[in-house]
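Sequences and hints are given; from them, build the entire structure.
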Amino acid sequence: AQSVTQLDSQVPVFEEAPVELRCNYSSSVSVYLFWYVQYPNQGLQLLLKYLSGSTLVKGINGFEAEFNKSQTSFHLRKPSVHISDTAEYFCAVSGVYGSQGNLIFGKGTKLSVKP
Amino acid sequence: DTGVSQDPRHKITKRGQNVTFRCDPISEHNRLYWYRQTLGQGPEFLTYFQNEAQLEKSRLLSDRFSAERPKGSFSTLEIQRTEQGDSAMYLCASSATGSPYNEQFFGPGTRLTVL
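Same order as they appear, the protein sequences are chains A and B.
For the first sequence, this note's numbering gives the first residue as 117, with consecutive numbering after it.
For the second sequence, this note's numbering gives the first residue as 13, with consecutive numbering after it.
Quick caveat, the hints were computed from the structure, so don't treat them as lab data.
The C-beta atom is built at its ideal place from N, Cα and C for all residues, glycine as well.
A couple of the hints might just be wrong.
For lysine-lysine, the following DSS-like pairs were computed, each having C-alpha atoms within a straight-line distance of at most 25 Å [claimed, not checked]:
#1 A/185 to A/230
#2 B/83 to B/69
#3 B/83 to A/223
#4 A/174 to A/185
#5 A/223 to B/23
#6 A/223 to A/165
Take a look, some chain B residues computed to stay more than 10 Å from chain A by CB distance [to be verified]:
#7 63
#8 79
#9 88
#10 96
#11 115
As structure tokens, this is what we get:
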């Protein structure tokens, strides 16, 4: 079984400042890792995913994340945030083998970007 | 590509009533997932279809819940004898089969309020 822990429920930050949203996972098997964003009253949108290969993955809207197997982490970063990045961000995992692809999500981190 | 659609977007019902939600996946996607998202939590997996076959159900899916995908296209999720604890956002996602992993595209969700 897998689980995901998002260490911060809320992250306030000023516009143009850098941000890191933290995610740790637990799994006895190899996993795929994802970050999704949810804007108010909208569904989830995939920001980026790690399947294999390079541990630094780049996604949409200038976000990137680094997979660290030894620390079982997949933190999301952006060097300079905009007001429009205000949203809730979810980290998720899916087992590589024996999985039908269903996602296990963390509880989410609300990013609030202030002018 | 019209994306995943869900109907209705909002549903208010009284405790004890039955409700039914509909999900229309992206047309060429043969996998369909249902998730439930309660306040302050990430989405939780409920059930999964490949074409018309329901292949996996979470223990969260009590006997009051039933899901169908009769022709391998749209899906319905019915909740019988609703309880206040059923109040949540119900999310549908679809994906295509293939390897190594196919992105799940989420609909906007149906928000259920049980009074």
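Hints versus structure:
1. Restraint check: the Cα-Cα separation between residue 185 of chain A and residue 230 of chain A comes to about 33 Å, which exceeds 25 Å; the hinted pair is violated.
2. Restraint check for residue 83 of chain B and residue 69 of chain B: satisfied, since their Cα atoms lie roughly 19 Å apart, inside the 25 Å limit.
3. With a C-alpha separation of about 34 Å, the suggested pair residue 83 of chain B and residue 223 of chain A falls outside the 25 Å cut-off, and the hint is violated.
4. The hinted pair formed by residue 174 of chain A and residue 185 of chain A meets the criterion: a straight-line CA distance of about 17 Å does not exceed 25 Å.
5. Taking the CA atoms of residue 223 of chain A and residue 23 of chain B, the gap is near 24 Å; set against the 25 Å cutoff, the hint holds.
6. Between the alpha carbons of residue 223 of chain A and residue 165 of chain A the distance comes to roughly 18 Å, so the proposed pair stays at or under 25 Å and holds.
7. No beta-carbon of chain A comes within 10 Å of the beta-carbon of residue 63 of chain B; the shortest separation is about 13 Å.
8. Distance to chain A confirms residue 79 of chain B as a non-interface residue, since its nearest Cβ pair spans about 13 Å, more than 10 Å.
9. Interface exclusion of residue 88 of chain B from chain A stands, the closest Cβ pair being 18 Å apart, more than 10 Å.
10. Against chain A, the non-interface label of residue 96 of chain B holds: every CB pair exceeds 10 Å, the least being about 21 Å.
11. With a least beta-carbon separation of about 6 Å from chain A, residue 115 of chain B fails to lie farther than 10 Å from that chain, contradicting its non-interface assignment.
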